[in-house]
Amino acid sequence: MNISKLNDFAKKIRRNIIFTAFKAGAKSAHIGGALSAADIIAVLYSDIIKIKKSKTLDDNRDRFILSKGHACLALYSALVEKKILKKKDLETFETNGSILLGHPIINKLSGIEFSTGSLGMGLSLGVGVALAAKKKQKKYKTYVILGDGECNEGSVWESVMAASHFKLDNIIIIVDRNNFQQTGKNSLIMDLKNLKEKFKSFGCDTIEIDGHNKKKIYESLKFQNKKDTPRAIIANTIKGKGFKLFENNNNWHHSVITASIYKEILKEL
Amino acid sequence: MNVQNNIKLWSNLGMRASFGLIALELANVHSDLIITTSDVSTSAGLDRYKQKYPDRYIDVGIAEQNLIGISAGLSSEGFKVISTTFAPFQTLRCCEQIKVNLGYMKNKISMIGLASGLVLGTLGFTHCCIEDIGVLRSIPNIAIVVPSDPFELFKSLRESINYKDSVYIRLTAGINTKIINYKDYDFTIGKAVEIVPGEDVAILGCGNILGNCLQAANILKIKNINCSVTNMHTVKPIDEQKIKYLSKKNKIILTVEEHNVIGGLGSAVAEILSNHNNNSKLIRVGINDFYSSGGNYNYLQDIYGLSVEKIVNTVLINLKHEK
Chain A
1 MNISKLNDFA KKIRRNIIFT AFKAGAKSAH IGGALSAADI IAVLYSDIIK IKKSKTLDDN
61 RDRFILSKGH ACLALYSALV EKKILKKKDL ETFETNGSIL LGHPIINKLS GIEFSTGSLG
121 MGLSLGVGVA LAAKKKQKKY KTYVILGDGE CNEGSVWESV MAASHFKLDN IIIIVDRNNF
181 QQTGKNSLIM DLKNLKEKFK SFGCDTIEID GHNKKKIYES LKFQNKKDTP RAIIANTIKG
241 KGFKLFENNN NWHHSVITAS IYKEILKEL
Chain B
1 MNVQNNIKLW SNLGMRASFG LIALELANVH SDLIITTSDV STSAGLDRYK QKYPDRYIDV
61 GIAEQNLIGI SAGLSSEGFK VISTTFAPFQ TLRCCEQIKV NLGYMKNKIS MIGLASGLVL
121 GTLGFTHCCI EDIGVLRSIP NIAIVVPSDP FELFKSLRES INYKDSVYIR LTAGINTKII
181 NYKDYDFTIG KAVEIVPGED VAILGCGNIL GNCLQAANIL KIKNINCSVT NMHTVKPIDE
241 QKIKYLSKKN KIILTVEEHN VIGGLGSAVA EILSNHNNNS KLIRVGINDF YSSGGNYNYL
301 QDIYGLSVEK IVNTVLINLK HEK
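Heads up: the sequence lines are chains A and B, in that order. So the first sequence is numbered by the numbering used here: it starts at 1 and just counts up by one. So the second sequence is numbered by the numbering used here: it starts at 1 and just counts up by one.
Wrong hints could be hidden among the right ones.
Computed list of lysine-lysine pairs in DSS-like fashion (alpha-carbon distance at most 30 Å, straight line) [said to hold, decoys possible]:
#1 B:106 <-> A:83
#2 A:53 <-> B:164
#3 A:50 <-> A:83
#4 B:52 <-> A:139
#5 B:242 <-> A:167
#6 A:87 <-> B:106
#7 A:88 <-> A:53
One-sided excerpt, in silico: chain A residues whose CB lies under 10 Å from chain B [unchecked claim]:
#8 102
#9 105
#10 109
#11 122
#12 138
#13 159
#14 165
#15 169
#16 218
Source of the hints: derived by calculation from the structure; they are not laboratory data. The model shown is predicted, which means the values in this text are computed figures rather than measured ones. All C-beta atoms, glycine included, are put in the ideal place defined by N, C-alpha and C.
Chain A on its own, in the form it takes in the complex (with noise of 0.2 Å):
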């Protein structure tokens, strides 16, 4: 680990992030999302997931599923600094027939696994393909990003039950804990409580971490699961982290970046 080149990593990502949804004008994107995600997916795409641009298709490489899809910014971001997409297919996002919408569309050859977006679906999608690994002796991990609005969703924990039941001990669930959801604070629009214990209650092994703390992150993401256990980290996150003006703001969950904001928040890198 190099503090130094993952907090690089992780100002690519946001200057990305804010260029896309800057080019996108007023088609919008989202923003607080992608922000609150992006130290996880830098620290993720820079020292943990084995994926290179020659071997997108490879058997043996890390598989990601960004469950949040509506956090794609960051993930094409990544994969920008990744070199698997170019800079100039940003220029594309949410233009007729991109292949970068503002949800990932499956594109393996990109580096995209999976259309997601429609919340509480990446997780199971998540334990077939760790299911796969065990079934085919296979080493590779599986590394899944849930947002915390997404934890409403029944069907979340029908795929932790699921993790856990199955000992699937070569996947990593990250929840993205903001505090907010489309409308507004988690707390008041459907309370997770302790959503530490709940990951512990269905069988993961349960760490809490500052999710903008980068060497945190990657002291996470290199732990060894325990043998049989499935592995969940809460990630506490700032919704729209790196400026100011989005931080905490919960109007930047989906919007527009106009001329002079984006002259303003580019200061901030």
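Please arrange chain B on chain A, whose structure you already have, making use of the hints.
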């Protein structure tokens, strides 16, 4: 495998137990086949399979949304997957998972909907399934096959594994299933089979209700009315050529199905007819968009006009109108 022996045995067992036996044969052929279920191993006749292939049997518990997600994940990693549970839960409970994982992303699996239609009528309409075809027909990249008997189930399941899209296989009727296909025949997904030739009225059916259609045709024959009976085992993609051909030859086309007349086989046939000039009149026999009081299979077939007598009467009444 001795087909003739199996036809008899399977029909005694019915679709569900036959499915279990067929699964054993397929697992023997395909070493990468996995069966996923939602706590229905016994209901699906899978107890022997489960014992013989414990590593290729995954029970996800009573969690059908997860059933489809896990199945799609396995499929995306190269496994051949057959998922199964009772028809309402195999289709409606996890409908959006089917849309996104199988339709939109094109992960490919075969889904077996157990005891669809009206056979579980004494359990009430929570367990009957008269909506599955209509709902799934509106999702792209999903084929829908309704086998007429267990022998056809064998053929459709075997073919579904190599078919380009996900396939929903809808099982109807209970034990002692009527035998529709006594001899071996060519089966292709999307190609209807004319079982009985005739020229006055064309009866098109899918599922084991075709047994009633065949009996009705026999009774009508005694009255000098020649009905053809066609097995529309695939509702999607529907056999357009066959429907066009039948509409040219017949004044009356009668569709018969254990499904809501909205969205099922009758609707699919109507959609084809509406695209072509033809002089035939379409009568759709099936569930007329209401949940009746519960009761056994015969009771419900009678209520919905699917009994042999009611099918005969419907043909006679409509022929009278034609004259």
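Here is how each hint holds up against the structure:
1. Between residue 106 (chain B) and residue 83 (chain A) the alpha-carbon distance is near 26 Å, which keeps this suggested pair within the 30 Å criterion.
2. This hinted pair checks out: residue 53 (chain A) and residue 164 (chain B) have alpha carbons roughly 29 Å apart, not beyond 30 Å.
3. Restraint check: the Cα-Cα separation between residue 50 (chain A) and residue 83 (chain A) comes to about 14 Å, which is no more than 30 Å; the hinted pair holds.
4. Simply put, residue 52 (chain B) and residue 139 (chain A) have alpha-carbon atoms about 27 Å apart, close enough for the 30 Å limit, and the pair holds.
5. Restraint check for residue 242 (chain B) and residue 167 (chain A): the C-alpha separation of about 51 Å exceeds 30 Å, so the hint is violated.
6. A threshold of 30 Å between alpha carbons decides the hint, and for residue 87 (chain A) with residue 106 (chain B) the separation of about 28 Å falls inside it, so the pair holds.
7. For the given pair, residue 88 (chain A) sits about 16 Å from residue 53 (chain A) by alpha-carbon distance, which is consistent with the 30 Å threshold.
8. Hint on residue 102 (chain A) is violated. Least Cβ distance to chain B is approximately 15 Å, over the 10 Å limit.
9. Against a cut-off of 10 Å between C-beta atoms, the interface hint on residue 105 (chain A) holds, since the closest Cβ of chain B lies about 8 Å away.
10. Annotation: residue 109 (chain A) was flagged as interfacial toward chain B, and the flag is violated, the nearest CB pair being 14 Å apart, outside 10 Å.
11. Interface restraint check: residue 122 (chain A) against chain B, minimum CB-CB distance 8 Å, threshold 10 Å, status holds.
12. Look at residue 138 (chain A): its Cβ gets to within about 9 Å of chain B, closer than 10 Å, so that hint holds up.
13. For residue 159 (chain A), the interface hint holds, the least distance from its beta-carbon to any beta-carbon of chain B being 5 Å, beneath 10 Å.
14. Contact between residue 165 (chain A) and chain B, as hinted, is supported at the beta carbon level, the nearest pair being about 7 Å apart and thus within 10 Å.
15. Restraint check, residue 169 (chain A) versus chain B: the minimum CB separation of about 17 Å is more than 10 Å; hint violated.
16. For residue 218 (chain A), the suggested interface contact is broken, since its CB lies about 27 Å from the closest CB of chain B, more than 10 Å.
In this structure, the earlier hints numbered 5, 8, 10, 15, 16 are contradicted, and the remaining ones agree with it.
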